[in-house]
Amino acid sequence: MIVFRRFFKNILLSILVFTGTTSLSFSQDEVYDFDELSVFLSIPRVGSAEVPAAIKNSEAYLSVTDLFTYLKIKIDYTPGFDEVKGFIVSPDAQYIISRPRNKIIYRNKEYQLTPEDFIRTESSLYIRAKVFGDVFGLGMSFNFRSLSVTLNTQVELPIIREIRLEEMRKNISKIQDDVTPDTTYRMKRSLIHAGN
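The opening residue of the sequence shown carries number 3 in my numbering; numbering runs sequentially from there.
Among these hints, one or two may not hold up.
Below, computed lysine to aspartate or glutamate pairings styled on EDC-like, alpha-carbon distance capped at 16 Å [stated by the list, open to error]:
no.	residue 1	residue 2
1	Lys76	Asp184
2	Lys74	Glu52
3	Lys132	Glu118
4	Lys111	Asp136
5	Lys87	Glu112
6	Lys105	Glu85
7	Lys76	Asp94
8	Lys132	Glu61
9	Lys190	Glu169
10	Lys74	Glu164
11	Lys58	Asp37
12	Lys105	Glu124
13	Lys74	Glu158
14	Lys105	Asp84
15	Lys76	Asp136
16	Lys58	Asp35
17	Lys74	Asp84
18	Lys58	Asp119
19	Lys172	Asp184
20	Lys58	Glu38
Just the calculated beta-carbon pair ranges, DEER-fashion [stated by the list, open to error]:
no.	residue 1	residue 2	range
21	Lys190	Gln96	50 to 60 Å
22	Pro102	Lys132	46 to 56 Å
23	Lys172	Glu38	35 to 45 Å
24	Pro46	Val91	40 to 50 Å
25	Glu164	Glu124	42 to 52 Å
26	Glu38	Ile177	46 to 56 Å
27	Asp78	Lys190	48 to 58 Å
28	Pro81	Arg109	33 to 43 Å
29	Thr186	Asp35	32 to 42 Å
30	Asp179	Ile98	46 to 56 Å
The hints are simulated quantities; they were obtained by calculation from the structure and are not laboratory data. Because the structure is a prediction, the values reported are computed rather than measured. Glycine included, C-beta positions come from ideal geometry on N, C-alpha and C.
Between the sequences and the hints, there should be enough to build the whole structure, so can you do that?
Pasting the structure below:
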């Protein structure tokens, strides 16, 4: 009988400990006040793409790394996204985004931001769309209904320059009457073939 009581006590104690630890672990879940999703980014004369975004209070926060990679802007970042740096058009147009200090330095000018201008997740650093226009001259207009962002800028971004150069190459080819075949066939034999 004593052995049965001890066994029953141990089982009851282990059930209580297990239930207590699982309820504690579930109560530590964080509540996020934003939604992560993809938005449709449209750039006149360039095209469009989907970029990751966070939506908070009907405002768009765009992923710095994905946006700058799409625009072919030089970007380097630390593993925790504490610091993102690079340059936009030329090496003298450097930028440093410091999330812990809530600051962006662009062309040796400091822009002080608030912690609400940043959202950091495990996979990305999001910045309020308005900040891109205020700091970098990348005007963003967000349409909540269609989940789309239109980027208007006077800055000649690397992707815009690349497209312009490609169009110039095509125009030069047309002027010189260079025909670029869409399909080429390799000859299995030479034109002059003796024998089989």
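Here's how the hints hold up against the structure:
1. Taken as a hint, the Lys76 and Asp184 pair is broken in the structure, with Cα atoms around 33 Å apart against an allowance of 16 Å.
2. Our distance criterion of 16 Å between C-alpha atoms is met by Lys74 and Glu52, whose separation comes to about 15 Å.
3. For the given pair, Lys132 sits about 12 Å from Glu118 by alpha-carbon distance, which is consistent with the 16 Å threshold.
4. Distance hint between Lys111 and Asp136 is fulfilled; the C-alpha atoms sit about 12 Å from each other, no more than 16 Å.
5. Taken as a hint, the Lys87 and Glu112 pair is honoured in the structure, with Cα atoms around 14 Å apart against an allowance of 16 Å.
6. For the suggested pair Lys105 and Glu85, the alpha carbons sit about 10 Å apart, so the restraint of at most 16 Å is met.
7. At roughly 12 Å between alpha-carbon atoms, Lys76 and Asp94 fall within 16 Å of each other, so this suggested pair holds.
8. This hinted pair checks out: Lys132 and Glu61 have alpha carbons roughly 9 Å apart, not beyond 16 Å.
9. Between Lys190 and Glu169 the CA atoms are separated by roughly 35 Å; this puts the pair beyond 16 Å, and the hint is violated.
10. A distance of roughly 9 Å separates the Cα atoms of Lys74 and Glu164; the hinted pair therefore holds under the 16 Å criterion.
11. Taken as a hint, the Lys58 and Asp37 pair is honoured in the structure, with Cα atoms around 7 Å apart against an allowance of 16 Å.
12. Of the supplied pair hints, the one linking Lys105 and Glu124 is violated, its CA atoms being roughly 20 Å apart against a limit of 16 Å.
13. For the proposed pair Lys74 and Glu158, the alpha carbon gap of about 11 Å is at most 16 Å, so the pair holds.
14. Between the alpha carbons of Lys105 and Asp84 the distance comes to roughly 11 Å, so the proposed pair stays at or under 16 Å and holds.
15. For the given pair, Lys76 sits about 19 Å from Asp136 by alpha-carbon distance, which is inconsistent with the 16 Å threshold.
16. Between the alpha carbons of Lys58 and Asp35 the distance comes to roughly 7 Å, so the proposed pair stays at or under 16 Å and holds.
17. A distance of roughly 21 Å separates the Cα atoms of Lys74 and Asp84; the hinted pair therefore is violated under the 16 Å criterion.
18. Between Lys58 and Asp119 the alpha-carbon distance is near 11 Å, which keeps this suggested pair within the 16 Å criterion.
19. Between Lys172 and Asp184, the direct Cα distance comes to roughly 14 Å. Compliance with the 16 Å bound is thereby established for this hinted pair.
20. About 9 Å separates the Cα atoms of Lys58 and Glu38, which keeps this hinted pair within 16 Å; it holds.
21. For Lys190 and Gln96, the Cβ-Cβ distance of about 55 Å falls inside the hinted range of 50 to 60 Å, so the restraint holds.
22. Between Pro102 and Lys132 the beta carbon distance is about 21 Å. The supplied range of 46 to 56 Å is therefore violated.
23. Distance hint check for Lys172 and Glu38: the Cβ-Cβ separation is about 39 Å, which falls inside the suggested range of 35 to 45 Å.
24. Taken as a hint, the range 40 to 50 Å is violated for the pair Pro46 and Val91, whose Cβ atoms sit roughly 18 Å apart.
25. Distance hint for Glu164 and Glu124: a CB-CB separation of about 32 Å, inconsistent with the stated range 42 to 52 Å.
26. Distance hint check for Glu38 and Ile177: the Cβ-Cβ separation is about 48 Å, which falls inside the suggested range of 46 to 56 Å.
27. A hinted range of 48 to 58 Å for the beta carbons of Asp78 and Lys190 is consistent with their spacing of about 50 Å.
28. Between Pro81 and Arg109 the Cβ separation comes to about 26 Å, which falls outside the hinted range of 33 to 43 Å.
29. At about 57 Å, the beta-carbon gap between Thr186 and Asp35 misses the expected band of 32 to 42 Å.
30. At roughly 49 Å, the beta carbons of Asp179 and Ile98 sit within the given window of 46 to 56 Å.
The earlier numbered hints that this structure contradicts are 1, 9, 12, 15, 17, 22, 24, 25, 28, 29.
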